[in-house]
Amino acid sequence: MEPAVTQSSPRITLSEGSITQSDQLQVELVDTKDTPKMIIIHRPARPTPVRPEAYADTAAKIMRVFARANIELARLKARRRG
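First residue of the sequence shown? That's 1 in my numbering, and the numbers climb one at a time after it.
Treat the hints with care, since some could be wrong.
Said to hold, decoys possible - Computed beta-carbon distance windows for the label pairs:
hint, residue 1, residue 2, range
1, R11, G82, 36 to 42 Å
2, P44, I71, 22 to 28 Å
3, N70, Q24, 43 to 49 Å
4, R80, P44, 27 to 33 Å
5, A45, I12, 21 to 27 Å
6, P49, R75, 16 to 22 Å
Claimed, not checked - Below, a list of computed lysine to any residue pairs in the SDA-like style, where the Cα atoms sit at most 20 Å apart:
hint, residue 1, residue 2
7, K37, I12
8, K77, T20
9, K61, P10
10, K61, P47
11, K61, E72
12, K37, S9
13, K33, K61
Source of the hints: derived by calculation from the structure; they are not laboratory data.
Since the structure is predicted, the reported quantities are computational estimates derived from the model, not experimental observations.
Don't be surprised by glycine CBs; every beta carbon is placed ideally from N, CA and C.
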């Protein structure tokens, strides 16, 4: 059985950004003709240690990546309707 989403599936990067000095977060839209659209969230492979005093800033960076992805997804939907 073949997976619905593969590495070669057509992808659109909705948003990406650094959440710490060493960790990145990326949000992609997978748009294949044979399956429903799907969002893929690429996060660090290992847990991200954050000092308590840096937690609020790290959480804000994560939310900005997701907010930008949401805005870009809405923009793509509007273009397809218009």
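- Please name the hints from earlier in the document that this structure breaks, with their numbers sorted from lowest to highest. 1, 3, 6, 8, 9, 13
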